[in-house]
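S.K.: Listed in order, the protein sequences are those of chains A and B. Count along the first sequence starting at 1, add 923, and that's the number in our numbering. Count along the second sequence starting at 1, add 12, and that's the number in our numbering.
Simulated from the structure, these hints should not be mistaken for lab results. It is possible that part of the hints are untrue.
[Stated by the list, open to error] Quick partial rundown of chain A residues pointing at chain B, CB under 8 Å, derived from the structure:
id : residue
1  : Y1008
2  : I1013
3  : F1019
4  : A1028
5  : H1063
6  : R1119
7  : T1123
Note that the Cβ used here is the ideal one computed from N, Cα and C, for glycine as well.
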Amino acid sequence: MILDLPIYAFGGFSQRVTDQLPTLKPQLDKIGWRPPRRSDRLTQLGLLGLSACAGTDKLPKDTPLLLASGEANLSSTILVNEQLYRHASIPSPISFINSVNNSTAFYLNQTLGISGRSLSVSRDECSLEAAMQIAGLWQHEVSLPILVGTVDEVPVEPGQHKRRMGYPAETILGEGSFWFLCGQGGSAAVPIATIRYCGTLESAEATRDFMQSQDVSHFILTAGIDRQRLPLDSLPGSPLEPASPGRFSTQNAYYLAQGLESLTRGDRLCLINGKRRSSRFSLAVIDKH
Amino acid sequence: MREFRSIPLLGSACVSHVGDRLTGEVSPIMLHYQKTQITTPYFALGDDREREERQLEILEAVVERALLNSGLHPQEIAKTGLFMGSSSYDLRTSELAYRRQLDDQEQDAVPVMHTGSCRLSDWVGRRFSIVSDPFNINTACTSSANALLLAQEMLQQGIIKHALVIGLELFNETTLCGFAGLQLLATEHLCPFDKEREGLLLGEGCAAVVLGSDDRDCEFRLAGGGTSFDPHSITGANEDGTSIAAALRSALHASGCAASEILAIKLQGSGSLSNDLAEGRGLALAFGREMPLLTGIKPYIGHTLGACGVLELVLFCRSLADGYIPATPNFTHPDPVLAITPLTSARPALAGTYLLNTFGFGGNNTVLALEKRH
């Protein structure tokens, strides 16, 4: 899908998680927003990510918000299921409300003071791509910036979460939230990059051919890609290999942010991502300005 | 939101408590959920809620019929855009697995074993050889209505030529007990806009529609829609009706219709007091003295949450195709505060434009415009 979606600002927050789930309070104390009362950890992560993205503190009231998440409100859903099945009790109203899958987007809109169109979307590890494709549509419908973000969390028992996700025991987990101010930034705004294309290809050969045709200068393979199927030295362009943020479903947003940081004007990046349970490759092509 | 060129409905299928027609007795089953001592009427699809396979069987039957009705060729189906809306997706699979592990006294039982919203749409893609990447929309009760709106936009902009849009909501204990915890469930009847309203009743269902971008002469076309976001409360729209009115006006603008041209509105009508206040006042703000005919479908099938956008569209279209705008069961006591009177008997369905309201948790309000051509 050809997008031609400009990016005006980006930023985010991520952290690795080992045995203990770290509190977010020290980081939250440093940002300008207070998480809404009764909101959960996923919303807190979203706010930490937003605080690192320039311009999110002064958005037009009608700014649309697109929130992409692989696992969405996992901690709250786990809590509700434990209340139900371990303790045979009716879930507390707050736990249930926070398990509803658009509650995070609601809290983020409310905190930012915006009330444009709001949508939460999911496509496992390729959720960011789904949101970017929607933003590519919406930019033709509204003369406003579009806030595109990701968020995924580690629930309270990291070891259990590895079993849930089918990750090997030695996997280092991560969590985080990244945001991209896209769309129409107004006459004074200068895009720092443009997402030209976002789509899926069936095979390694098709991926190589496509990258060749797009004349990419750099590429990033996200952690989910089988490097035996797509060896680095078989691909056109220079590989970028940012340090791993730890594994989480929307970690490709971290890789995109890292790529945008390290590219120089005129570079063209191909971000190659993939979903678990799928052999296809998801490609995003981004020009740095 | 910019104006839409209308989009034909090429095919559809659905299953609900009353089947695929809004006829017959309204008779939810009485569900006794012993563990948390909840007893509630429920609009079920059957009594096999413990069977894990049922979700795929239901999904397969509905999607297969919708694709067949659409007349699309296999090559067209392969390239069809895939959109899904649900508030719970396959959460039931995780519930059953967790309960089994706990019953077996497994020390390391894992709650919510199956995460993400993509497993069912991926399965649909594999089963029906659809190669496009799915969009799984997570906006609670407006999920499948927003999936419809997104599909329309993609067709409108020429990104895809056809779209398969699925609304699915099947029984799960998380949702049922969550609504019980919020004390939103009625004890007997779902009677929206009735002074004696008790609250909402839940139901399950699945529906699919196939949309096209060609000019085929279909009886029904989607004529756009409108949305609004309401930051007032996470559990429902502002009772002053302003955000509902904004969504209604946005849908009128998108469809290019004046308020006076709307023949009837399928209400959200969830049966809760706060919805009735917000929706009633929103309708009054948007339509004033030009109030169209109003009707609610949920008393037939329950509130099917994320599925209701597509499911109520399909059921409403079936009624209109059969020549009538359905009546609203259970409405007997007008509420003087709102002065909203849903239809108590069916009326003839004329060609023209209808609106379908879908509002819900998380501040999302969505209104779809439907055109009946003949």
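S.K.: Could you run down the list of hints and mark each one as holding or not?
M.R.: We went through each hint and held it up to the structure:
1. Restraint check, Y1008 of chain A versus chain B: the minimum CB separation of about 6 Å is within 8 Å; hint holds.
2. With 8 Å as the threshold, the beta carbon of I1013 of chain A comes within range of chain B, its nearest partner Cβ sitting at about 4 Å, so the hint holds.
3. Hint on F1019 of chain A holds. Least Cβ distance to chain B is approximately 3 Å, under the 8 Å limit.
4. This hint holds: A1028 of chain A has a C-beta 7 Å from the nearest C-beta of chain B, less than the 8 Å allowed.
5. For H1063 of chain A, the interface hint holds, since its Cβ comes within 8 Å of a Cβ in chain B; the closest pair sits about 7 Å apart.
6. The interface hint given for R1119 of chain A is violated, since its Cβ lies 15 Å from the closest Cβ of chain B, which is over the 8 Å cut-off.
7. Hint status for T1123 of chain A relative to chain B: holds, with the closest Cβ pair at about 5 Å, below 8 Å.
Hint check: a violation occurs at hint 6 only; the rest are consistent with the structure.
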